[in-house]
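Asks: Now for the letters of each chain:
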Amino acid sequence: MSAVLIAPADVAGARRNRSWTLLAGLVLVGAVLLVALLSLVWLPYAPADTTGTRLEAPGGTHWLGTDKLGRDLVTQLMIGARIALVVGLGSVAIGAILGITIGLTAAFAVSWLDDTISAALDVVIAFPVLLLAMLIVAAQGASLGSVIVAIGLAMSAVVARLTRVLTKRVLGEQFVTAARTSGTRWPGIVVRHILPNIWPTLSVNLALQFGVAVLAEASLSYLGLGAPPPNASWGRLLQEAQGTVITAPVGAIAPGVALIMLVIGVNFIADGLRDVADPARKGSR
Amino acid sequence: MTNYLLRRSAFLLVSFLIAMVAIFVLLRLLPGDPSNALLSVTATPEQIAAAQAQVGADRPVLDQFLTWFAQLTRLDLGESFISSLPVWPEIAARLAVTVPLTLMAFALALAISLVAGFVAAIKADRWYGILISGISQLGVAVPVFWVGILLVSVFSVGLRWLPSSGFPRDDWADPADALRSLTLPVITVALVMSASLTRYVRSATLDVMGSDYLRSARAQGSRYTEALWRHGLRNGAVPIISILGIELATTFLGAVVVESVFGLPGLGSMLLKAIEQHDYPNIQGVLFVSTLVVLVIGFAADVAQRLVDPRLRVSISGNR
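First to last, the protein sequences are chains A and B. Last residue of the first sequence? That's 285 in this note's numbering, and every number before it is there in order. Last residue of the second sequence? That's 605 in this note's numbering, and every number before it is there in order.
Some hints here could point you the wrong way.
To be verified - Cut-off 20 Å, straight-line C-alpha distance, at most; resulting in silico cross-link-like pairs (SDA-like, lysine to any residue):
{"no.": "1", "chain 1": "B", "residue 1": "558", "chain 2": "B", "residue 2": "376"}
{"no.": "2", "chain 1": "A", "residue 1": "168", "chain 2": "A", "residue 2": "180"}
{"no.": "3", "chain 1": "B", "residue 1": "558", "chain 2": "A", "residue 2": "240"}
{"no.": "4", "chain 1": "B", "residue 1": "558", "chain 2": "A", "residue 2": "139"}
{"no.": "5", "chain 1": "B", "residue 1": "408", "chain 2": "B", "residue 2": "496"}
{"no.": "6", "chain 1": "B", "residue 1": "558", "chain 2": "A", "residue 2": "228"}
{"no.": "7", "chain 1": "B", "residue 1": "558", "chain 2": "A", "residue 2": "143"}
{"no.": "8", "chain 1": "B", "residue 1": "558", "chain 2": "B", "residue 2": "384"}
{"no.": "9", "chain 1": "A", "residue 1": "68", "chain 2": "B", "residue 2": "442"}
{"no.": "10", "chain 1": "B", "residue 1": "558", "chain 2": "A", "residue 2": "136"}
{"no.": "11", "chain 1": "A", "residue 1": "68", "chain 2": "A", "residue 2": "231"}
{"no.": "12", "chain 1": "A", "residue 1": "168", "chain 2": "A", "residue 2": "101"}
{"no.": "13", "chain 1": "A", "residue 1": "68", "chain 2": "B", "residue 2": "438"}
{"no.": "14", "chain 1": "B", "residue 1": "558", "chain 2": "A", "residue 2": "142"}
{"no.": "15", "chain 1": "B", "residue 1": "558", "chain 2": "A", "residue 2": "141"}
{"no.": "16", "chain 1": "B", "residue 1": "558", "chain 2": "B", "residue 2": "435"}
{"no.": "17", "chain 1": "A", "residue 1": "68", "chain 2": "B", "residue 2": "435"}
{"no.": "18", "chain 1": "B", "residue 1": "558", "chain 2": "B", "residue 2": "363"}
{"no.": "19", "chain 1": "B", "residue 1": "558", "chain 2": "A", "residue 2": "224"}
{"no.": "20", "chain 1": "B", "residue 1": "558", "chain 2": "A", "residue 2": "140"}
{"no.": "21", "chain 1": "A", "residue 1": "168", "chain 2": "A", "residue 2": "97"}
{"no.": "22", "chain 1": "A", "residue 1": "68", "chain 2": "A", "residue 2": "48"}
To be verified - Label pairs and their calculated CB-CB ranges:
{"no.": "23", "chain 1": "B", "residue 1": "384", "chain 2": "A", "residue 2": "93", "range": "29 to 39 Å"}
{"no.": "24", "chain 1": "A", "residue 1": "93", "chain 2": "B", "residue 2": "420", "range": "27 to 37 Å"}
{"no.": "25", "chain 1": "B", "residue 1": "310", "chain 2": "A", "residue 2": "101", "range": "14 to 24 Å"}
{"no.": "26", "chain 1": "B", "residue 1": "496", "chain 2": "A", "residue 2": "169", "range": "16 to 26 Å"}
{"no.": "27", "chain 1": "B", "residue 1": "287", "chain 2": "A", "residue 2": "257", "range": "52 to 62 Å"}
{"no.": "28", "chain 1": "B", "residue 1": "504", "chain 2": "A", "residue 2": "34", "range": "50 to 60 Å"}
{"no.": "29", "chain 1": "A", "residue 1": "110", "chain 2": "B", "residue 2": "465", "range": "31 to 41 Å"}
Note that these hints are calculated values from the structure, not bench results. Cβ coordinates follow ideal geometry from the N, Cα and C atoms, glycine included.
Just chain B, with the same shape it has in the complex (with noise of 0.2 Å):
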């Protein structure tokens, strides 16, 4: 398992520089150059080439590249060209909203996605197995930002219950209000994820019910609940282990769209309006911390699933 980890992690420090690399000079093919957002369509050359040699755009692209790289190993994101704001504050404000967002839809959708899926698998010849099967395939097609309008339509302007959007402007200052603005967003993305979720939940369900260790533990006495419990979880767990990472990365990454939806100023807000200021510096300091996220997600997926299942330590990434 140490050789294992010892392993892992350094795959995990490589694929980090390998995005780094990637997402640099994916940007450099960005259209345009940065310092054209500073500037009015009248400027003259001397506004120009200033413009350039306040973004560092004059100086050549690797050395562009290692005095970005050398301040993100002091953890410096640099400042926005836009705003001239450091890059860094303004994602640990961001992520004040985006993180809860994602831990508190991605816990509701778990606990769902559990009961459903288990109860879909063992109930699979009853009509509520079916009608729970029937929604997680419908759900799987909806998206989610139509889930989002919706509920707002329904929650927000029908009913006046919650917020249709925004954020408090002192962020967390009143809890109960920052909560009530994250309640339609974690809703909205915990439902959708739920759907995907239940399928794969009830899948390895079905998988421990019909497997031979199944039937031998029951053959040598134990009791059903007993043998599902004792031998069920474990193996079952492992599949969804991987897929729990994969749809935290992904909900975390993906909050973009319901941020949109919500007028919520999370991560996915910042990197859109970025992305339209085409304000390099910020664009990478959200693609740095969002990559360093889902890396790190797959990491202990990866590591929990080994924990989990002896068998797999053998190979570094399961699939092979």
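Chain A with its partners taken away, still in its complex shape (with noise of 0.2 Å):
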């Protein structure tokens, strides 16, 4: 569960085919998000439905099976869908904000700053996402925002280095001297020709986090830590299954089934950005 700045490049990948591998991300995280926006307005049962016989076999009236409370085991998959969606996203986007605000603020700072808050990130980032997350949660109580705002914040100093290094190899093209030359103001470069030029690298980054930020709330849940009943996250739902994975296999394999697939497109989908961001990498090596 290590906070990955930029995981290394699929090379045996790159040779095959890679918009196979945007197009596979995509229709895994499209399969994933399909079934979350169809929980909002369809599930099988009612998600605190405990009406089924406890751990019924998969079948006709509950397709993959009930848990050992007797609730269909389709609709917590499908809620946990929409909760691993919500928790991608929003953590991702606070992690952002904040980690690009940070970076760019290193990056145009005066030298004994930018070392300062290098050194500070370089601290945070020698800590797994996961456990500065559980302290998080510790102090906020565990809730399903306490969990998002939680990973957002580990996850914003990974973005806030990469961010600083990014910014700094830009702010030495000729471009910007250019530009500065010829009178934009630093608000203008920032968005005019620094947030363009780091993107492309910061977006490939933002979905790896995206999937290390998925894998972060299921440990949470799993531990205890995570969102309360009933959000019923896949985490949580294999922690409950723990006990009952002889009697009752499905309810242990497929929400593991379900994490590893969303967690497998981001990363695919992150495989693929990296060809459109970068194309000359694509063939080489």
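Can you join these two chains into the complex? Each is in its own frame, and there are hints to help.
Replies: Rendered as structure tokens:
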């Protein structure tokens, strides 16, 4: 669960057709997204409906069976998809806004401030997202909101460091000097020259961070520090199904498969985006 | 190098101090008073005041911090609010589970990923090279607790080869027994960790294989394996070392999840319990030790990188 800055390029993948990666990623994430949207308007059963037989095997009335309280597993999984996406999007949004702001500040700051921010970021990054999130959730109490804030805050350090490095690189370019000379103010330079230039690399990283956030949320929920019931997070479903893994294996397998689908999907999208951002890399090596 | 060691040590010390202050402040943001943990809901104001005095919550925050810090310099981590037991022996007992778990998992993951990553790189066009790449791509998306649940269901519940959870009550009195308890947790962590490590090893190997210096060495008549060994190893090791440092720290702290799956009395489960109970001395104690471990690992990784690659010795953090 480490916070990966930029995962190494999948070189064997690069030799194969790369649009395939992006397509596969979009299909996987799209499937989860559709299920999540569908859950807003239709669910097979009410989330708290415990009328089913306990630990029923998959069948006609309950497609994937029921859990130990008699709740329908498909219903729980659909709600879980919604929670996973909300946590992913929410924490990436917080991490991006905060991280980009801090990173730009450090890149533009006088050297002592830059050094201080960088050192602080290095210390924060040394801790896994999960541990930071555990502490913040502990401080705020376990709720969906505090999970999102916690993961977003922990993520912002990684985004900030990357933004700082990328911005420094762009600041050394001649077109920035040219823009300065022609009278463009710094805010204009940030909006017109820096953000468009760092965005391709940054968006790849943010896609990867989305996957990290989804996994961190699942771990928090598994530990009992996630959103409380009736929020059926995939992590909590796995925690509840752990004791009945032999009698009702589907309950312990399906949430894990759903989780992997979503995380692999966003990782594929990140790989695909990397090639769009940097076509020169596609055929190289 | 001496100059670098001095500066890096100063950085280690300062970041440790900052982390300690941050942990202390963050904990004071926890809702509720720590004395609440000692009281029933029907406590009288006198009982509340007595409990606050007992945990020191009636004194100014700065005063509390200075007391705690003075204790730290004597390596005294205080006593638990809940059990009144000293924190340090408890942590030491927990470390006897978490440290072997981390190190064994790390060693196993390293062994797997060095071989798998290298094979995946030099045989990138063979079916098994592609298979290894595919599995490691899949592996980074798998939550560690899910691997644990599946392994338990197969090897403990199904085949009954290994215990599903717990740790011997007498710790390492019977090493074979303790090792049996750690086998599945170690395999769980190692499998997940080796997925991401394999990707890095493979990428570093591919970088080395495509490098100009390797081609030059070959052009000068060096055999391929010899060139890889003499020039590639050192160059390829540099990025790997920093990843290894991060992975080792992540495993140590991330042990909380796998300890939870297997019911192991490690440092992570101590932290989880302390957070639930608002037991500040225990939380601070665990964070003190884990922060120290993480920062020292980072220090060691940075120094090791500079021993391997003298070009890095100029800058302090290597990323600027």
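Asks: Taking the hints in turn, state whether each one holds.
Replies: To see whether the hints hold, each was checked on the structure:
{"no.": "1", "hint": "B:558 / B:376", "verdict": "13 Å, holds"}
{"no.": "2", "hint": "A:168 / A:180", "verdict": "15 Å, holds"}
{"no.": "3", "hint": "B:558 / A:240", "verdict": "19 Å, holds"}
{"no.": "4", "hint": "B:558 / A:139", "verdict": "14 Å, holds"}
{"no.": "5", "hint": "B:408 / B:496", "verdict": "17 Å, holds"}
{"no.": "6", "hint": "B:558 / A:228", "verdict": "17 Å, holds"}
{"no.": "7", "hint": "B:558 / A:143", "verdict": "18 Å, holds"}
{"no.": "8", "hint": "B:558 / B:384", "verdict": "19 Å, holds"}
{"no.": "9", "hint": "A:68 / B:442", "verdict": "18 Å, holds"}
{"no.": "10", "hint": "B:558 / A:136", "verdict": "15 Å, holds"}
{"no.": "11", "hint": "A:68 / A:231", "verdict": "16 Å, holds"}
{"no.": "12", "hint": "A:168 / A:101", "verdict": "14 Å, holds"}
{"no.": "13", "hint": "A:68 / B:438", "verdict": "17 Å, holds"}
{"no.": "14", "hint": "B:558 / A:142", "verdict": "14 Å, holds"}
{"no.": "15", "hint": "B:558 / A:141", "verdict": "14 Å, holds"}
{"no.": "16", "hint": "B:558 / B:435", "verdict": "25 Å, violated"}
{"no.": "17", "hint": "A:68 / B:435", "verdict": "18 Å, holds"}
{"no.": "18", "hint": "B:558 / B:363", "verdict": "17 Å, holds"}
{"no.": "19", "hint": "B:558 / A:224", "verdict": "11 Å, holds"}
{"no.": "20", "hint": "B:558 / A:140", "verdict": "16 Å, holds"}
{"no.": "21", "hint": "A:168 / A:97", "verdict": "18 Å, holds"}
{"no.": "22", "hint": "A:68 / A:48", "verdict": "13 Å, holds"}
{"no.": "23", "hint": "B:384 / A:93: 29 to 39 Å", "verdict": "38 Å, holds"}
{"no.": "24", "hint": "A:93 / B:420: 27 to 37 Å", "verdict": "32 Å, holds"}
{"no.": "25", "hint": "B:310 / A:101: 14 to 24 Å", "verdict": "22 Å, holds"}
{"no.": "26", "hint": "B:496 / A:169: 16 to 26 Å", "verdict": "22 Å, holds"}
{"no.": "27", "hint": "B:287 / A:257: 52 to 62 Å", "verdict": "54 Å, holds"}
{"no.": "28", "hint": "B:504 / A:34: 50 to 60 Å", "verdict": "56 Å, holds"}
{"no.": "29", "hint": "A:110 / B:465: 31 to 41 Å", "verdict": "58 Å, violated"}
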